[in-house]
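Engineer: Protein chains in written order, with our numbering: chain A, 630 to 885; chain B, 301 to 560; chain C, 187 to 455.
Derived by calculation from the structure, the hints in this document are not laboratory data. There may be inaccurate statements among the hints.
Stated by the list, open to error - No farther apart than 25 Å at their CA atoms in a straight line, the calculated lysine-lysine pairs in the BS3-like style are these:
1) K452(B) - K197(C)
2) K752(A) - K645(A)
3) K752(A) - K197(C)
What the hints assert, rightly or not - Far from chain C, some chain A residues (derived; all Cβ distances over 10 Å):
4) V681
5) G686
6) S724
7) E760
8) L765
9) K767
10) A768
11) P807
12) L853
All residues carry an ideal CB built from backbone N, CA and C; glycine is no exception.
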Amino acid sequence: MIKFENVGVVYPGGVKALENINLEINEGDFVIIVGLSGAGKSTLLRSINNLVKPTSGNVVVDGNQVTNASKKELKKIRSDIGMIFQTFNLVNRSSVLKNVLTGRLSQVSTIRSITGLWPKEDKQIAFDALERVEILEKAYVRGSNLSGGQQQRVGIARALAQKPKVMLADEPVASLDPVTSRVVMSYLKKINQDLGITTIVNLHFLDLAKEFGTRLIGLREGNLVYDGSVDDVSDADFENIYGRSIKSSDLIGEDD
Amino acid sequence: MINLPKKPPPSLMVFLGIPAAFLFSYFCFSKVGFNLSDFRENLQNRYIVTDPLFNPKWSWAIENASEAIIETIQIAILASIVGCFIALPLSFYASQTTNQNKISFFLYKSFLNLVRTIPDLFWAMMFTVAVGLGPFAGVLALVMFSLAIMGKLLSETIDSIDPGPLEAAKSSGASHNQSVFTSALPQVLPNFTAYFLYIFELCIRASVILGLVGAGGVGRIIETQRIFLRFDRISPIIVLILVVVILIEQFSVWLRRRIL
Amino acid sequence: MNLPKQPVQQKVLKYAITSLIVAGSIWSASGLEITLEKILKAPEQIAILVGAMFPLDLSQEAIERILPKVAESLFIAWAGTVIGAIFSFPIAFLAANNVAVNYVSEATKQILNGIRAFPELILAFVFLPITGLGALTGTLAIGIHSIGTLGKLSSEVIEGIDEGPLEAIKSSGGSKINELLFGVVPQVMPTITSYWLYRFEINLRASAVLGVVGAGGVGAELINQLRFRDFPRAGTVLVATVVLVLTVDTISAAIRRRIIKGRSIKIDQ
């Protein structure tokens, strides 16, 4: 489904964010990427939808070349990839429904989206997405009036409204407390299982990774240092990924 | 003996700037002919102005200026609406957050700066020559005036919006215009409304003087009476205008509280 | 699925605002007799005027006539700003409610509002019969208007200060004057000076137009050249004004940034 071929990213200024990554992710996988901050997790995720353009190598999604795609092809590819952000990235002043409808932008004409005359089907898709994360009753509430966990569920609904084949989540729970984090992770997991959407999540909490992931990828200083099943991963592997011993701040902990 | 830290040398700004400012001030005052003894002498002529100024002819003013005051308000309403709505799309081109093309960004930004540089009454003079005397020239002048202020304020606001939602829209495959419209515009709409009301107030004040160069509004009447030194007719008009300006400002403050 | 209903008031507010804007525009446009025909003709008329201004009149005679007028606008603006700064500074303390007693501060604020309400141009022609045609009238008009605006802004700066240092001075036995000099003034000075400069930028535009009523500066020159239909020369006036304003804006903005940021001092070890 997703293939990295010798992908490298060097930022202007010479910082190497990713080095020679080769990776294949299968349809329906629930992959968790762990690593210290600055290890290249976010860059890896963003190279899948070309928000970060690799400086070498290729990314292929669903048989389409991403890295060298034209503007038009890129829009088409991106419309099949939903993305969830650490800071939710909702338009706070707009209603929940409007935020979720942004996920339909690639499917409607500019005129319709600007005048707010959304087709009935697209509105229905947005409502369905909200229903799936159980926040439908807040459809006309402003984004800013929701709690962090609720905002992230809207973020998930927005990505779902794209009817994506792939779902990317960049540190989706980093701004949330432990209880809410688990709720958000379970929604992601459930969507993966019910709809078969290939899901890739960046996390830095090791216990959450073990709890929800099936496949685990470890990054360290831009290099792939672990790739395997969550069940096989040992503390030694984690220490290798982190380059140091595990601290309590690497764990989200139990609810208290 | 403890080791005292070295005192930093006086800054160039203080060392040169302040004496320069004093010298320049002295130079300017001599150039504009500021002279206390002349000034005292001049003050003895004040009765030419103050006597009529404090004997306002109210009935004359109400009878002759009411229509022109309404015209003034209409100029301000139309010009601030048109100017601000023209500035709305321009502002997104004049901010680097929403316009990544460096050349077009620079062109839009420079255009807005240029328009802002020319004083409102200069615009009015030019438009009276171009399209003829009357309120239409005044409207055009204030359109430029409000366009420039809104363009500056709004593009600076856009510079500081949260780029996250824009990235989110972009990552879902939305076109650039769609992303800007759905993710950037709602973030600045409250600012736009507040700036609009502020600019409307500025336009009301500015439109009063348009008539001095023949661009419509109550200034026309002030100008003719001024030439004949009829300050007894001018003073009530000025008071009337002040009342209108204050009423409109109060309304605008009230509206701002309701909407924002 | 049980769909939620869109709250009515969201829609009502949207329609109310839209109709207010549309109704206001229509009322104004019809009252001013602005027709579609006029609007459509305007771009061409403006293009003709702009076309007539170029090439600019750069003859020595024109330059010798125009430059002194442009410079006069600069002098008027600076002198006016200085008057505004000198008088508004003490007044601002009287208007600040954390320095002056309540009724003094209220009364001073009302006076400042009153001054502010008169545009420079109106002040200028009221002074004109007293102080005569020329730059002095313009300077006074700008100076007095600036007292109003600078007084208001400065008093707001004073009201926004951190009260901690004042308390410290008071607790160490300092007088009220000590509090003002060592507690308030150092805190407000950078912001207030940068407001003075900002006012200078605004006053430059104001002084450029004052010539219209004969109060000195470049405005008279523009209106005369336009009246005599000497468009290349009018163009020169306009360009000269734009260059002056842009230059002053740039320099003044740079100084303001520097004042607000403060100087970074390297400390030798």
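Engineer: If a hint holds in the structure, say so; if it doesn't, say that too.
Structural biologist: Status of the hints after comparison with the structure:
Pair hint K452(B) plus K197(C) does not hold up; C-alpha atoms about 30 Å apart against a cutoff of 25 Å. Distance restraint check for K752(A) and K645(A): the Cα-Cα separation of roughly 43 Å exceeds the 25 Å cut-off, and the hinted pair is therefore not satisfied. Proposed proximity of K752(A) and K197(C) is supported: the alpha carbons are some 17 Å apart, at most 25 Å. With a least CB separation of 33 Å from chain C, V681(A) remains clear of the 10 Å interface cut-off, as annotated.
The Cβ of G686(A) sits about 44 Å from the closest Cβ of chain C, beyond the 10 Å cut-off, so the non-interface label holds. The beta carbon of S724(A) is not kept farther than 10 Å from every beta carbon of chain C, the shortest such distance being approximately 8 Å. Annotated as non-interface, E760(A) brings its C-beta within 10 Å of a C-beta of chain C; the closest such distance is 6 Å. Under the 10 Å C-beta cut-off, the non-interface status given to L765(A) relative to chain C is violated; the minimum distance is some 6 Å.
The beta carbon of K767(A) is not kept farther than 10 Å from every beta carbon of chain C, the shortest such distance being approximately 8 Å. Against the 10 Å criterion, A768(A) falls within the reach of chain C, whose nearest CB is about 5 Å from its own CB. For P807(A), the shortest C-beta to C-beta distance to chain C comes to about 30 Å, beyond the 10 Å cut-off, and the non-interface label holds. The non-interface label for L853(A) is consistent with chain C: the shortest C-beta to C-beta separation is roughly 43 Å, beyond 10 Å.
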